[in-house]
Amino acid sequence: MIGVLIVIIFTALTVIAFWVVSSRDLSSSVIYFMAFGLGSTVLYVLFSAPDVALTEAVIGAGISGVVFLVSLLQTQTKEDT
Amino acid sequence: MSLVYFIAIPILASFLTPFYKNYLRFVSVLVNILLAGFAAFFYSRLPLNEFISLDSPLSIIFILDYVSFFFVSLFIGVMLFFSLYSIKEKNNTAVFVVTNIFTSGALGLILSADIFNIYIFFEIASISAYILTGLNRDKVAYSGAIKYMIVGAVASIFLLLGIMLMYLNLGYLTLSSIGAGFHTMDKGIQYLVLLSLFIGFGIKTEILPLNFWVADIYQATPTKIAALFSAVLSKAYLFVFFHILYTLKVDAPALLFLTAIGLLSFAVAELSALRSKDVKRIFAYSTLGQLGVLFLALSSANVVVVSGALFLILVHSISKLMLFFSLDLVEKKMHSTRVEAFAGFRSAFLFTIFAIGFLSLLGIPPFAGFIAKLTILKGFASMGAYGIVGAILAISLVEATYFFRLLSANQRSKKTAEIKVPLLQKIMLSLLALAILYLGLFPQGLLDFCTDAAQTLIQGVIHV
Amino acid sequence: MSLKKTVGLKTILTALLISFMSMLLLGVIMNAAYTHTSLGYDLLKINTISTQSANAVTSVVTYFRGLDTLGEVTILFLSIFGIGIGIERSDRMKTILGYDSTLLKIGTKVLFPLIVLFGLYIIAHGHLSPGGGFQGGVIIASGFLLMFLAYGDSYDLDHKVLSLFEALSGAGFILVGILAALAGGAFLGNMLPLGVLGKLFSSGILPIIYIFVGLKVAAEITVLVEYFIRTQDARDA
Amino acid sequence: MLETLNQTTFLHTVVAIGSFTIFTIGLVGVLSKKNLFKIFLSLSIVESSLFLFFIGSHFEVGKAAPIVADGIKLFDGHMVDPVPQAMILTTIVIGVAVLALSLTFVVNYYRLSGNIDIDKMDELGEVQ
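Sequences listed follow chains A, B, C and D, in order.
Our numbering puts the first residue of the first sequence at 65, with every later residue one more than the last.
Our numbering puts the first residue of the second sequence at 18, with every later residue one more than the last.
Our numbering puts the first residue of the third sequence at 598, with every later residue one more than the last.
Our numbering puts the first residue of the fourth sequence at 10, with every later residue one more than the last.
Hints are not guaranteed to be accurate.
[Said to hold, decoys possible] No farther apart than 20 angstroms at their CA atoms in a straight line, the calculated lysine to aspartate or glutamate pairs in the DMTMM-like style are these:
| id | chain 1 | residue 1 | chain 2 | residue 2 |
| --- | --- | --- | --- | --- |
| 1 | B | Lys107 | B | Asp203 |
| 2 | B | Lys156 | D | Glu132 |
| 3 | D | Lys82 | C | Asp639 |
| 4 | B | Lys294 | D | Asp131 |
| 5 | B | Lys443 | B | Glu348 |
| 6 | A | Lys142 | D | Glu135 |
| 7 | D | Lys129 | B | Asp345 |
| 8 | B | Lys443 | B | Glu106 |
| 9 | B | Lys294 | B | Glu357 |
| 10 | C | Lys642 | B | Glu348 |
| 11 | B | Lys432 | B | Asp345 |
| 12 | B | Lys204 | B | Glu106 |
| 13 | B | Lys156 | D | Glu12 |
| 14 | A | Lys142 | A | Asp89 |
| 15 | B | Lys294 | D | Glu135 |
[Unchecked claim] Footprint (simulated), chain B over chain C, 3 or more residues, beta carbon under 8 angstroms:
| id | segment |
| --- | --- |
| 16 | 668 to 674 |
| 17 | 743 to 754 |
Since the hints were made in silico from the structure, they are not lab data.
All values derive from a computational prediction rather than experimental measurement.
We treat Cβ as the ideally placed atom computed from N, Cα and C, and that holds for glycine.
So here's chain A without its partners, still in its complex pose:
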């Protein structure tokens, strides 16, 4: 069971990572990045690392997403040209 889950999540993470890098719209890149953080949180739980999962949830998906979004707003750049 755990094997199937891990394979599925890793595949999803790879796709999301590709979207983060390749998306033309910067703010959706950031949203994908936050989704990447959430996906890795689930993986850390599966890997029996609840402490890391909690940290990744509050920092990886939370604070860094906020930091990215706010700096995007300040520079008024939306598109990756």
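With chain A's structure known, arrange chains B, C and D on it following the hints.
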């Protein structure tokens, strides 16, 4: 007494900044004097191992042996000099907050014998360097800082990868255990680890394929801070890299590869300096060149050569401090570091200081650089590596060309501004010049210590 | 040395990268002989005797490798100090991302104390359950983030108190370590009774260190969030 | 079929392939993208992939988290290694600190120059 005070006290001084916001410069001087006192205290107790927080080899280990003592006292000396030199700058609290933490980062890199702990101090030192680069708060400074952060992030990622591979395969983080088990690992993994370490530390030690960014960073950084990068930061990374390499007991081909890289790095850097029109960039390239020589010498695994390299590290730190600090005075007056601006100032004192710095870097007697280069060349000659001796001498001629060109440009051209050096600065710079002269005339005591230190370095960290 | 501007460089780098990656993959997967005797298992064996903490990760973070945590707290302080240098404080500071909604304001008023309490709970139970100083600290800071979002410019933080908090929690960490060293042990060594595994008042020095770490992280991340959320309007800067 | 999927060696292979694919995607992003935000996003992705690799490679099927809770009474070999988790915990916090610092530099640089493209950053270099 604990070795951890070397790290804890400067950090504590920075944390408590709100309580003495306007007097931090005096506090920094005090902290550095205190650290110098600690170093003097530990001198008679060398070599020394200490377990942090747990009395067993499972915990983090700090090591103060001859070679780390050499670097610790060098760095404390440089930082003490820096804090005294800028003691009159009232509005510069930010610099002192960062340089205190910079000190503890550099000292931690030297003292720590635990690979993940080294990574933490690596990050502390790098982040202080990023902040110091962006200190001028203009376009140039920020673009330098951004570039620095990108290459720095790549470096720390690869270092982390190397550490992870080692922990996965060996299960320990202490340098001595890693050194004992390194050759039991699979050959492929060994090379992967070495490659990751080379990329991680190679970027930071500014070695050839990975140093395309260095001159830009030095140009963006405030001139006095660039002296710290040249005198402390790159030396700290250099030491850690070779400390790890000698502990891992890498095979001869890997060391030979590093020797070749060092020689190439030396040559390319000096040729780039010849082309450059900006004095700050010229000094940056000259630093790159000297780091190439150090790489070349430290990878030789020969006691005489390595002791010469350690001597050269000391001399180079002192000379670069002199050069960058004097250039800072020139820059303040002329508002530029271009060669034309450099040619236009008039000050007999600064001219002498520049001349002494250049001659010492070139290795002309009676200055200390001569002894350092002589020892290195003697060592290579005794190994029978006459090709390397010839190459070093030939490339040094290139170095001489641009140094003399700078000096003669200043002699010949029309003077536009007279620089009056303040008394404090005059005293401090003369002290450095005297130190170089003294070490050139009476090098024996230091050379003996360097030989002991070189033996410890080549031996690596032994299993406790 | 403007290698960067040469056209072919990127292709070469990418090719090098791909070959490096494939080598890495082959090397790692084919020869993965991961060790089963490691530092971690040795520490697990002595964990009960030396710390009495129910969470082994906490004992590693705060006790066995407490120096790493000191370094990490330093890095957090340093980065946020560096961010502060680049920001000019002025009266024209504006909150971006503010939402003017009464519902949000009332909801936040109710939620804020709960969030802070939850953060404190996570910090205080660091040695018993997952979580601890970092996680709890960031949760507290997220409470402040919510306040900024809901109240916008009308919500003011007392910066004097905040910077004192920053200074004292960081200094407290180091001073506890030095006190432990002076009391005869090692730096950050244990000098308190260990208590019984599973109780809130147990594990000696660990909860104290984690509380200092938590407060420091909370203060730092709050400052960070404020720096990012309140800024001069980019249009008139 | 499902039995092989649950074996530790299989999981380690999945973790290695998956995380190094993400690692490569991120590194290619760092090298080929020109927008500074994109570069820092890619760097964060690369870092996260390393964390996944490290934690995943230390996990073995059937091992519990290193926490004594209901049901588990003792610390022993049935738990995963706590040291990698502590290391990653530390590194994640360092990562976000560095990220915030670099984004501040990017924003400040944009205010002064109106530019966010790494190829157009030509303030530094040899002046003609």
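> Against which earlier hints does the structure fall short, listed by number upward?
Replying inline: Numbers 1, 6, 7, 10, 12, 13 and 17, in rising order.
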